[in-house]
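Engineer: Residue-level listing of the chains:
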Amino acid sequence: MTVCRDVGDLVARIPDGAKLAVPPDYGGVAVTATLALVEAGRRGLHLVCLPSSGLQADMLIAAGCVDTIETAAVTLGEAGLPPAFGRAAKAGTLRILDATCPALHAGFRAAEAGVPFQAVRGIIGSDLLRHRPDWRIVDNPFPEAPEDRRIVVVPAIRPDVALFHAPRADRDGNVWVGRRRELVTLAHAARATLVTVEEIVDTDLLAEEATAAGVLPALYVTAVARAPGGARPLGLQDLYDPEPAVVADWARAVAVGDLPAGLAAVRGRQAA
Amino acid sequence: MTVCRDVGDLVARIPDGAKLAVPPDYGGVAVTATLALVEAGRRGLHLVCLPSSGLQADMLIAAGCVDTIETAAVTLGEAGLPPAFGRAAKAGTLRILDATCPALHAGFRAAEAGVPFQAVRGIIGSDLLRHRPDWRIVDNPFPEAPEDRRIVVVPAIRPDVALFHAPRADRDGNVWVGRRRELVTLAHAARATLVTVEEIVDTDLLAEEATAAGVLPALYVTAVARAPGGARPLGLQDLYDPEPAVVADWARAVAVGDLPAGLAAVRGRQAA
Amino acid sequence: MSADPRPIDTVPTPPHPREVLIHALSDLLQGCRNVAVGAVSPLPGSAALLARARSDGACRVTLLGSRRHTYFTDGGRELFDCAGQGRIDAFFLSGVQIDGAANINLTCLGDPQRPKARFSGAFGSAYLYFVVPRVILFREEHDRRIFVPKVDYISAPGATAPGVWRPGGPHALVTGLCVMAFDRARGRFRLRSVHPGHTVEEVLDNTGFDVDLPDSVPETPVPTASTLALLRGPVAAEVAETYPRFAADLFGATPSH
Amino acid sequence: MSADPRPIDTVPTPPHPREVLIHALSDLLQGCRNVAVGAVSPLPGSAALLARARSDGACRVTLLGSRRHTYFTDGGRELFDCAGQGRIDAFFLSGVQIDGAANINLTCLGDPQRPKARFSGAFGSAYLYFVVPRVILFREEHDRRIFVPKVDYISAPGATAPGVWRPGGPHALVTGLCVMAFDRARGRFRLRSVHPGHTVEEVLDNTGFDVDLPDSVPETPVPTASTLALLRGPVAAEVAETYPRFAADLFGATPSH
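Those sequence lines, one after another, are chains A, B, C and D. Per numbering that gives the first Met the number 0, residue 0 is the first one in the first sequence, and the count goes up by one each step. Per numbering that gives the first Met the number 0, residue 0 is the first one in the second sequence, and the count goes up by one each step. Per numbering that gives the first Met the number 0, residue 0 is the first one in the third sequence, and the count goes up by one each step. Per numbering that gives the first Met the number 0, residue 0 is the first one in the fourth sequence, and the count goes up by one each step.
Looking at chain A on its own, in the form it has when it is part of the complex (with noise of 0.2 Å):
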């Protein structure tokens, strides 16, 4: 486990064309990272969300980092779809793999017990599967009634990088996510997992019981930086709230074309 001089160190460690796993808006986006990603110019990713993205894939997509996004969904709450998302969903320029939220669960979920795919409710007779030829219908070995033949699999999701931003991480490495346990999940399916923190503190997380509940053991982990801040214009759990006022920022400006105006936005809200 490395602790990154800083954030663009950290990012360093993000080739061009990886396959790339974040979480939901919601859920501890490392938005600083992904600023220092837009700035390093990355291209070819595939960025896949568990489950679904917003202002981080539109940052991505406007800048030209992404060349693949699979998602269950991409919105920016209040302020709609995400207008990069939009433009090059309608111009063909990017390949989407739409997906439905527990596949993607299913996914990472057989990536973490390390088994090649994991069966999926649902999901046959939309259109979501004539185009998803990596998923496939199976005759279902444990049928629970008469009628229950055909089920859907999924391939495990293994990412090269998981990317997220959380509160603090300790100097082991260790990293409190608390009940955001999707975030447990993409460091288990990933093959490096990389963390910007608020805070990075002198004591062991794993040491007390009522704070191991809620931790990413070291293990997992293959490099932190310190980014305060590093989750805004988004929430971070308890610790802040969402600043719906900057994502609209950040949509109006790349609605019109203006990314550097929209990329301005959102680095505003970054600590110095």
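Hints are computed from structural coordinates only; laboratory data are not their basis. Treat each hint with caution, since some may be false.
Mimicking SDA-like on lysine to any residue, the simulated pairs with C-alpha atoms at most 20 Å apart in a straight line are [unchecked claim]:
| hint | chain 1 | residue 1 | chain 2 | residue 2 |
| --- | --- | --- | --- | --- |
| 1 | B | K18 | B | V37 |
| 2 | B | K89 | D | L108 |
| 3 | B | K89 | D | Q112 |
| 4 | B | K89 | D | K115 |
Beta-carbon label-pair distances, calculated as ranges [claimed, not checked]:
| hint | chain 1 | residue 1 | chain 2 | residue 2 | range |
| --- | --- | --- | --- | --- | --- |
| 5 | C | R244 | A | A206 | 38 to 48 Å |
| 6 | C | T198 | A | A263 | 47 to 57 Å |
| 7 | C | R183 | D | V39 | 50 to 60 Å |
If you want the ones that stay clear, here's a sample from chain B, every Cβ over 12 Å from chain A, calculated [to be verified]:
| hint | residue |
| --- | --- |
| 8 | A90 |
| 9 | A118 |
| 10 | R170 |
| 11 | T221 |
| 12 | P243 |
| 13 | A260 |
| 14 | L262 |
| 15 | R268 |
Computed from a predicted model, the values in this text were never measured in an experiment. Glycine is no exception: its CB is placed at the ideal position from the N, C-alpha and C atoms.
Chain A is already provided as a structure; the job is to place chains B, C and D on it using the hints.
Structural biologist: Frame of chain A; chains B, C and D shown alone:
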């Protein structure tokens, strides 16, 4: 969610013949409730262990409560093989569904996710599989490598009742389990979940983010009962240590067929 | 604390059309033990909280996006796991298009490879629509752009071919004009009631698919004075915790902390 | 704190046979980043902690049953998930019977329906034996009741038929008499070294299966004075945290708190 008057009231909710799921001896076993089941003369239980058992299984087997045990192992730790289990196994009077830990975790995880089965690596070539017609070998739809063609799938395990002991519950039925997340899985998978606790607190365990991370929500909890020292002579998290000498007393008494003395040794460690 | 600014002893103002909607949605939740509501869904959220308030503690409500009304501690998958376990009795879905077979489209218009319009995506619909017994479709606007003969893209299907386990599915459709019940055996909607101030003709004119019609179509019931007081008082204050702007606009309510 | 009661400036007492075993096991862990050790395994646990102490921080050890040396926070399945993810480099297994094809029996003797003797069961062996690259078999006793031509019950197989993905498997066998390496391609053990005070003949006399023999069989290396000091000092104190009785008996050590 019901707060029961006492432990007897709680175990009255476990009918004869129930599929009863329990944690391992080191993971929060409801020993007081197990004594109450023995006293109530419960019969025909299908005990399913996530993933192993020891003293608890032996108490229930010794008292004739168990028809079937599904487990990866039974052990009293330093006190060796549980004597009632060993005797019943040799006599052929107990149906033993031998499993391996990850197959049990997979079965419970399938039930948790609401899917009929989950894949598990390994197992093929072991005699476990020859004695588990409910496990299947299927074609792997997503091979990792050319030789990766066959894989085991196990059915979801949906117990009628999950029973365990935890440090505390609140008045709504939220239960602190901390890092013992197999208790969460037990509750997710089971139709009903019964919990004994050291104490019932007036504060809302979900109110604080730091505490919430280790809480099983009341949504999954059918009933709780107060049972101070309710896991003794086994241990409970960081609250009290196991007492191997008492477990050894159990083993010695039951090995010579003296069940009353064995039960007395265990009962001697319970609160009045 | 209730923040209803109106004195208690005045006659309540007549129900706002959105209050009629909330009430109609809430009626569809009767008998549910667990109701979950997706993010950014103020009207269904209000309806669920009203159903809870009227259930005498029997109904539990999970509002995604709410700190107070979220009971989950196992991360983002818990809602889906919980629904797959059969513990969620009702859920709300919507669509940019909805057709007469209750197929919903949350994804795009036109060719998916080069869509004329793109939307957020399916979220959990392609799954929850199968496993939640009572899925209530809700769309406040009601016109022929939305209610089409056939959706361009099936994000989640209203019916399923044989051989697929499906304990759940569409139960009803509530719009700004009416309530329709979905008959799963026939795979068709049937008009159940029309909201006060609207007509059957208006519904049919604005619906692009065929609807079964009973001999007479009743008016959608409006909340009683006591239900309205409940909605505008404690329920509004709870709604304000998750949807402050919505609650302030509709009820003049502030959060109950 | 080290609790070695012996003054530092005396010549160390010669290695105890169990210290030779611990050292031999530890040598087999060289280069591992993550080693996990099952419950009630004091000798493998000591070996893993010695390997960690000699690794300059590169080797992480998880002792199941230890509060201090457990990094897991996702419940009982995390060890198996973690191994399935390829993160566990080495694990120890044992058997009531072990045969020349490295099949292990942890379950029963005789007919499984009416066994002559019953044991605890397979635990995680039927899985970990497949997914952990370096599985080290360990049994201190060495006789023909244990090392049999063919186990009565295969709890976990040493080799697997084609068509099954198996990145892991048997690496070596360590007993109170010797170290054997397992050749996965040939599916056979090969004697690697015999512990001080024992002979090749003694090994063969007490082994019920055929073993490949090199032209000359070296003596198992004993720990150097500095390794012994490490083992009897800081490692012993760590061992005592999980295995107080074992550490007190072998090293005279008390836990380092």
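Engineer: Could you tell me which of the hints above the structure violates, numbers in ascending order?
Structural biologist: 9
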